[in-house]
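Novice: Protein sequences appear in the order of chains A and B. Numbered according to the numbering used here, the first sequence spans residues 1 to 308. Numbered according to the numbering used here, the second sequence spans residues 309 to 788.
These are computed hints drawn from the structure, not numbers from a lab. Keep in mind that the hints are not guaranteed to be accurate.
[Stated by the list, open to error] Listed below are the simulated BS3-like cross-link pairs for lysine-lysine, each with C-alpha atoms no more than 27 Å apart in a straight line:
#1 Lys-337/B <-> Lys-477/B
#2 Lys-80/A <-> Lys-711/B
#3 Lys-642/B <-> Lys-123/A
#4 Lys-514/B <-> Lys-99/A
#5 Lys-665/B <-> Lys-738/B
#6 Lys-123/A <-> Lys-53/A
#7 Lys-99/A <-> Lys-123/A
#8 Lys-80/A <-> Lys-54/A
#9 Lys-665/B <-> Lys-642/B
#10 Lys-99/A <-> Lys-53/A
#11 Lys-123/A <-> Lys-500/B
#12 Lys-781/B <-> Lys-711/B
#13 Lys-412/B <-> Lys-212/A
#14 Lys-642/B <-> Lys-721/B
#15 Lys-478/B <-> Lys-396/B
#16 Lys-665/B <-> Lys-478/B
#17 Lys-665/B <-> Lys-123/A
#18 Lys-642/B <-> Lys-478/B
#19 Lys-781/B <-> Lys-721/B
#20 Lys-229/A <-> Lys-48/A
#21 Lys-500/B <-> Lys-337/B
#22 Lys-80/A <-> Lys-412/B
#23 Lys-114/A <-> Lys-500/B
#24 Lys-412/B <-> Lys-514/B
Computed from a predicted structure; not experimentally measured.
Listed below, chain by chain, are the residues.
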Amino acid sequence: MSQAGKIIAGVLAPHPPHLVYASNPPQNEPRSEGGWEVLRWGYERLQKSILAKKPDVLLVHSPHWMTTVGHHVLGLPHFKGLSVDPIFPHLFRFQYDLKVDVDLSSLIHEEGRKSGLIMKVMKNPDFRIDYGAITSCYLTNPAFDIPVVCISSNNSPYYFSNEVGQQQMESLGEATARAIARSGKRAVLLASNSMSHRHFTSEPEIPEDMSKEHIYHHGQYLWDMEMLKLMRAGRSRELVDCLPEFMDMALAEVKAGALTWMLSALGFPQYPAEVHAYGSVIGTGNAVVEWDHWTHAQGEVATSEVRS
Amino acid sequence: MNQLVTGCYIVPGLPHPYLAANRNPGYRKLADAFHRIREEIHQSSAEYILYFSTQWLTVLGYSFQADPQPEWVLVDHNWHDLGSIRYKMRVETEFAAHYAREVKSMGHTVREVNYKGFPIDTGTVVAHQFLNPDNRLPEAMVSCNMYAEKQETLSVGQAGMRAIEAFGKKVAIVVVTGLSSRYHTEDLPLEKDFLSSQKDDEWNRKILEILGEGRLEDVSEVAREYTRQANADMGFRAIWWLNGLTGKHNSFVGQVYEYQPLYGTGAAVVSLKPTQLIRSIPGWVNDEADLVERMDRERDRLRSRRAAAVTSDIASRPAEVSTTSPTIVTFEAKARDASEIAARGAPAPVGPYPHAKRVGDFLFLSGVGPRQPGTSDIPGVSFGAEGEVLHHDVVLQTEAVLKNIKAVLDEAKVSTSKIVDVQVYLTDMKRDFQRFNKVYAQYFGAHGSWGCNPTRTTVEVTALPTPICVELKVTAYLGE
């Protein structure tokens, strides 16, 4: 492709397996009576918005592909198998069938290394895709007809401090943006993170019993709302600056780095993000939020092109 | 009561010793240590293996593997380039049900996991591949709750002991945990692996030194500090769990088989053989604070001392008084070469040592107690309901000790007249010395039947490895 690739959207796309379970897709073995409609309907609005933009590829950064040495990307064209959630196996036993954009994986690998990051390409055909990546991909594109790039969550920066972790994820975001620009593709970034992450340590007999569902602690709700306000106000640089404290105060899952990676790749957008939904899942705070980069970049040179 | 816990083992959970042993001599040594444990387990009377792995993490209570025959091809999320591990296990589902019931009764959420394709963690799979690859023994697995603090983890361990008793079969316990868990964050050639921090290394060695002395409870007590200082794997919860299961004590024969770096982390293979009966503790309280826990231990100690002072009226005591000795875990007496003596007529050692060893013109005997050869029976002792010693008879025990010494000398074809030095250990000098001396005089000295008059040293000790009141250490001179 001769034209530079573009990031057409970034999404905060949390991955509670409950949302897949509640949707009763044919790929998932357990059956439910529904539940968590606010979040699921929010995801449906997201789907319409994203699929209308006709992306060539979905990139997902998942905290449940956890690596300790470097950032890994999938390096084989096709993965098919059964993913069982080790925490919620009664809710998530999903037959997945993913096509991988190996070319883009390789470009991210290359650009990451140029930035001084430890990067690895995963080429073991027996590898099992984690439920976080599958959930975010399914809820964004249930047909699985768009190739994906899965990026691992490197936890080693967090041995040192939240700030060091943030710095690495910013570098990875920049490397991802350069790789997408080189690829010539229209890409959507999925940051597979919930927000506040303190949760109940038991669950109701019927997991989808919505009479039992609420945020674990009011303080979490307040923190989540502060973060969402910044997103809706287009203050993403300020948002990222606040994340280390958010991580500590609300045990936020964004500690795994996906949100920082995505916002960095978007160039820390200053336009308002659209919150499609906010709701709790076993007490954790979850928001489906879209940065419509395509619309907001119309008439301008895409951020990725500027920085490539 | 039988000893249901045949042995406890600590093993690392990273896949390198299994998948990359040929790339680093240290990994090979760890693999060899795994093999040593496999032999121990298979030569023991264990009827199943119970795993606790810090890599099987849960957040909603506890999970128990309940698929009777899980099988899959495991690829580690981080170490996928080392290769795949195809596994098939045989799970002791009946024990899982017992354990789940016990933990549920404590108010925790429990899940018996019986789903095809459930992702069994790398640590458990690696331990299985090393220790039980042919499924000779069925296996059981319990998860590690990553939010559980010390008291809860100890109590869930203790619940495991209640489940073991309810199940009624002998078990080998394997905890899968690293030591310090600071990984190299750079891409490091495996052949150049080293501990990522000297401080971590020092802490690991100190922890292993204490474990080598069999002091599991002491390690459990310092786990938090160790975690702060050396980033112990999952806060060293595995040690809390094991300590809870075995009843919070230091009565083990510990042996560190290997210690090596694994991508910057510390990895060790450790064996802990209990030297006292492991059984559940009636009235175990899920204490809220360590202080309460320590107070409880102090009360136990006081009760034991008072009980040990009781010298009469045994017959009138309640029915829980027993003369049956707790089962004592022993090691096979094996002579590795002609210098070592393994005596068939002497009680089996309670650690990895020979009965005697020839060095030049001297024959050194290991400490000899009064236990009856081939059994755990100790003459002249009565036990209370919790296994504590209520009464002991130093006369009977001294006679039994001397009989066992004779058996070792006979095996070595050395006359009792060759004895030149005796060291005596008594647990109650004030009460027992005179009576001990009378028996001793029948064998040694001018009127003794053994025809020798060795030098002698007698000391009082707080405790001996088994519930005995006297032990002798003898040296013989074989020259003219």
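Novice: Against which earlier hints does the structure fall short, listed by number upward?
Specialist: 1, 2, 3, 4, 5, 6, 16, 17, 22 and 24
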